[in-house]
Amino acid sequence: MNKPCTWVGAFAIIIFSYTLNSCSVRRGQDITQQDFVPKNKHVLNGQKVFMANCNKCHPGGGGGLGPSINGNAAPGFIKRFQMRHGLGVMPSFKKDEISKSDLHDISKFLHAWKTYR
Amino acid sequence: MNIYYNSHSTFSWIRNSFLFLAFLLFPLINASCFRMRASKGGGQIGVIPPRTINPSDIALQVGYQIEPVISGLTFPTAVAFDDENNLYVIESGYSYGESFSEPKLFRVDGNKTTLIAKGTNNGPWTGITWYDGAFYVAEGGEMDGGRILKITKDGTITPLVSNLPTMGDHHTNGPVIKDGYIYFGQGSATNSAVVGTDNATFGWLLRKKGFHDIPCGDITLTGQNYTSKNVFSKDSGSKVTTGAYVPFGTSTTAGQVIKGEIPCTGSILRIPVAGGQPELVSWGFRNPFGLALSPDGRLFVTENGFDSRGSRPVWGAGDVLWEIKKGLWYGWPDFSAGKAIQGDEEFKTPGKDPVKPLLQKYPNDPPKPTAIFAVHSSSDGFDFSRNPDFGYTGEAFVAQFGDMPPGAGKVLFPVGYKIVRVNIDNGVINEFASNKGKRNGPASWLKKGGLERPVSVKFDKPGTALYVVDFGILKTDDKGSHPQTKTGIIWKITKK
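Chains as they are written, first to last, in my numbering: chain V, 1 to 117; chain A, 1 to 496.
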């Protein structure tokens, strides 16, 4: 009986921490190094889709109208969940705006971007 | 046993209740995150510090260096180079915050300036270009309407077109010259086509009571009207209702047709280089500020997107880089970056009603943008790299003036205050020059000596040096904008 609650609780703690993290971290692009070069077509596509949909509120993954996501430690599936369903003032992006494969490519780009930074 | 069971049960209940509460609180905190937090714009500084200059406070892409060329300018907005690669700069003569002075054109030699020409109390001079032995300047027209001026080196000023309808929020911008025509931008009178109390805060509504936006072609309204305080009444409780494309305090009805006119607001127009009547190039813009030609001769424009202000606030609208196609309508006031804003949560200001459309039908589907910049970044003047010796050939280098909250809308962190480069083939934006440190912001906010508010960039004749026009310090607060004279700087970026 307690097991489902524990899983729900663990999930809650993860996204709770993620939320606080999102609200507090402010890290922009570090430009004191070589250019970012996408290592494959998924990362490149993720970068393009990010630029078209996400960059305006999280420029370079940093804070702006929205919080910074560069320092966000949440797992990719939670970020994709938030992109698809929205939370708070963050809008949702339906499948006709960002396809499932594009969502995964954004995750790949954000991972590569974090490694680059 | 019983006791153990009870205490264990109580512990589990407390633990699970806490976790459940945390789960419930998550969306609440997330939702509250934006609305509960104060705006943290880069212009929201307390005491205004003196302008200091320290190039080492600026981070550049590897292999580049930056140096100040001249400082102490008052509201510089653009530079140009003559055939001998001499540097010229214009001071705008007007800044938000109702700061009026005389616009000026200077020649810059070392750290000395020589006055070439002086305008009247009708700034801001927003842009300058050199063509066939003369300068061409866009005069914003805050007092008497926009003009395109031809200025010769002896200081003679000849207006090529006058009385352009840009006495509102945004001005006559540009210009660039292509195929014997001068192309220029016409800013909109308002944020989103409805005159409101925000325009009185800007200042112009109290001077030009009947001024409003003018469409370039006939439009049919949905009849949306907005109630606001009557800024012309001494009765603080007095209200007025205002529709789109009409003067403050005038209502509209569904199906009402507003006749198009040339010249209009929110558009790209052109005139022959010798002067003449303006012709329509394209329309449906909010504030088309920067204009530049790509190396292959295509015309591009930066558009400052909606603010979250006034009677019809629009939230989350990024600035845009557009390629200009003749005859097209680009979406303002019902689209942002090619996306319909009607009822979309993406554009709904937190705590306000969803945005409703103003037009019953659209001239065409808006095109796809080349790139979308950060919301409130104020992505302004730009230029294209043409010389492989500088690098990034074909990319657009864009100056980002930076946010202006709280008037323009709240931001969680400073936005802009840097130079970005844009790959116009895929819309990818990268930083090129910005202030060092974990926090982004203007030098005055960071208490450093780097970039303040870059408003335009221009490559020199050979294309090996990028000149950055830094407008200077502009503080923003609840009362509006507070520009600081003699804080403008011209920077020069070269490859090491």
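Hints were generated in silico from the structure; no laboratory data involved.
Source: prediction; values computed, not measured.
Just to be clear, a hint being listed does not mean it is correct.
Said to hold, decoys possible - Below, simulated DSSO-like cross-link-like pairs (lysine-lysine); rule was C-alpha separation at most 30 Å, straight line: (1) A:K259 / V:K48; (2) V:K94 / V:K79; (3) A:K239 / A:K112; (4) A:K368 / V:K114; (5) V:K108 / A:K339; (6) A:K40 / V:K48; (7) A:K495 / V:K79; (8) A:K368 / V:K39; (9) V:K41 / A:K368; (10) A:K496 / V:K95; (11) A:K40 / A:K339; (12) A:K496 / V:K79; (13) A:K352 / V:K94; (14) A:K208 / V:K48; (15) A:K461 / A:K410; (16) A:K410 / V:K94; (17) A:K436 / V:K108; (18) V:K108 / V:K79; (19) A:K410 / A:K40; (20) V:K39 / A:K239; (21) A:K448 / A:K40; (22) V:K114 / A:K436; (23) V:K48 / V:K95; (24) A:K410 / A:K209; (25) A:K326 / A:K178; (26) V:K95 / A:K438; (27) V:K48 / A:K495; (28) A:K438 / A:K208; (29) A:K438 / A:K461; (30) A:K326 / A:K352; (31) A:K178 / A:K368; (32) V:K79 / A:K448.
**Prompt:** Can the restraint linking V:K48 and A:K495 be considered satisfied, given a maximum Cα separation of 30 Å?
**Reply:** holds, 28 Å
**Request:** Compare the distance between the alpha carbons of A:K40 and V:K48 with 30 Å, and conclude whether the hinted pair is satisfied.
**Result:** holds, 28 Å
**Prompt:** Can the restraint linking A:K259 and V:K48 be considered satisfied, given a maximum Cα separation of 30 Å?
**Reply:** violated, 40 Å
**Prompt:** Given the proposed pairing of A:K239 with A:K112, does the C-alpha separation stay at or below 30 Å?
**Reply:** violated, 53 Å
**Request:** Below or equal to 30 Å on CA atoms is what counts here, so check A:K448 against A:K40.
**Result:** Judged against 30 Å, a Cα distance of about 18 Å means the pair holds.
**Item:** Distance restraint between A:K178 and A:K368, which requires alpha-carbon spacing of 30 Å or less
**Value:** holds, 23 Å
**Asked** Between V:K39 and A:K239, does the CA-CA distance stay at or below 30 Å?
**Response** violated, 59 Å
**Message:** V:K41 and A:K368 were given as a pair; does the straight-line alpha-carbon distance stay at or below 30 Å?
**Reply:** holds, 22 Å
**Asked** Is the hinted pair A:K368 and V:K114 satisfied, with a Cα-Cα distance of at most 30 Å?
**Response** holds, 29 Å
**Request:** Assess, step by step, whether the Cα of A:K326 is no farther than 30 Å from the Cα of A:K352, and give holds or violated.
**Result:** With Cα atoms ~36 Å apart, A:K326 and A:K352 exceed 30 Å; violated.
**Prompt:** Hey, V:K48 versus V:K95, does the alpha-carbon distance stay inside 30 Å?
**Reply:** holds, 16 Å
**Proposed proximity, V:K48 with A:K208 (alpha carbon, max 30 Å)** = Given that 30 Å is the threshold and the Cα spacing comes to 44 Å, the pair is violated.
The structure shown violates the earlier hints numbered 1, 3, 7, 10, 12, 14, 15, 20, 26, 28, 29, 30, 32.
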